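**Student:** Sequence:
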Amino acid sequence: MIKETFKVIGVMSGTSLDGIDLIYVQFNFDEKWTYTIYTTETVSYTQYWENTLKHLVSNSKQELKDIDDGYTVYLAEVINSFIKKHHIETVDAICSHGHTALHQPQSGMTYQIGNLPKISKLLKHTVVCDFRVQDVELGGQGAPLVPIGDKLLFSDYDFCLNLGGFANISTEIDDTRIAYDICPVNIVLNHYVKPLGFNYDNEGQIAKSGKLHTELLNQLNDLDFYSKSHPKSLGLEWVKQLIFPIIDAYDLPIETILRTFTEHVAVQISKEINTKHNAKVLVSGGGAYNKFLLDLIVSKTKNSIELPSKEIIEFKEALIFGLLGVLKLKGAVNCLKSVTGAKKNHSSGRIYYP
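Numbering-wise (the numbering used here), the sequence shown opens with residue -13 and increments by one.
Simulated from the structure, these hints should not be mistaken for lab results.
Here the structure is a predicted model, which means the values were calculated and not measured.
With a Cα cut of at most 30 Å, we get these calculated BS3-like pairs of lysine-lysine:
#, residue 1, residue 2
1, Lys180, Lys218
2, Lys47, Lys110
3, Lys214, Lys40
4, Lys51, Lys110
5, Lys137, Lys214
6, Lys226, Lys214
7, Lys296, Lys218
8, Lys(-7), Lys104
Derived CB-CB ranges, DEER-like:
#, residue 1, residue 2, range
9, Ser333, Val284, 35 to 43 Å
10, Lys288, Pro103, 45 to 53 Å
11, Lys71, Ser195, 37 to 45 Å
12, Lys47, Pro103, 16 to 24 Å
13, Gln33, Asn188, 14 to 22 Å
14, Lys218, Glu297, 26 to 34 Å
15, Asn188, Gly317, 39 to 47 Å
16, Tyr339, Glu123, 20 to 28 Å
17, Gln33, Ala235, 26 to 34 Å
18, Tyr339, Glu201, 51 to 59 Å
Glycine included, each C-beta is placed from N, C-alpha and C at the ideal position.
Full structure from sequences and hints, please.
**Tutor:** Structure follows, in structure tokens:
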């Protein structure tokens, strides 16, 4: 492979609904991949879009198509504003995750909104997007997709742990990259802190003030998902069907719910990272700012928990979706069967030209 350079915009919207992450980055290949980040921004959702995205799973197929159409236009406006605001002139491609509307790989179904072909016309740039569909068609989970980026960009770490709407992790076992979702995180914590008038629990301070409810903790830890082997992934539907009803049945104070669920997250994460000894764990995602959660994880492991720069904590997924797009443009593998359970390694995503 010859030395190559790509300047792209990576775009990510996660289940925690804290906004659209955008990154303008240059990728260089010279024996291995390296990157230079030029600028980043998170664009908060309007109240309309936050409410709409929160309730996607309850929409009919026709309603989802209408929402998809509107979201694609909205996403293009956000990206165009980012380009204009930061005076970006050279863009080889815009590499966008879109937003997950439905994710039921066991039924052969996944649907990301914001990936309609017209997005490239609206942006007047090449767009690489819709990275999950092909993997599900090949019998995979369609998630997580970030591990190829962990392998190519962050191989110095034994584990890459992302704390977003869900916690997911990637690692190498016998020179093979594996990855999977561990448990819900911010998608649950943010849901329960909202009635107190906050979007999130700052540093986990409210959770820290609550009491641990052992019976609820045990019931959460006993869920079938946690005993399944990888590959495995989670979606909002699973949280709505199982997690919320279990928690709500106890009718507990919000502080107690937050304290207990944070403990649950720490238990599940430490269980995974304790499968290796003297390991270095790179932590990213919004949950990396939850000091109480990190303190609990540290208390349950002897491994080294490491926080990278603010840019990587907040924009690692957007960065890696940028790389996924570059790999797709090159026809190179960007989706690993060892991670998703698909029939083969493949180059996933759709390319739209203006």
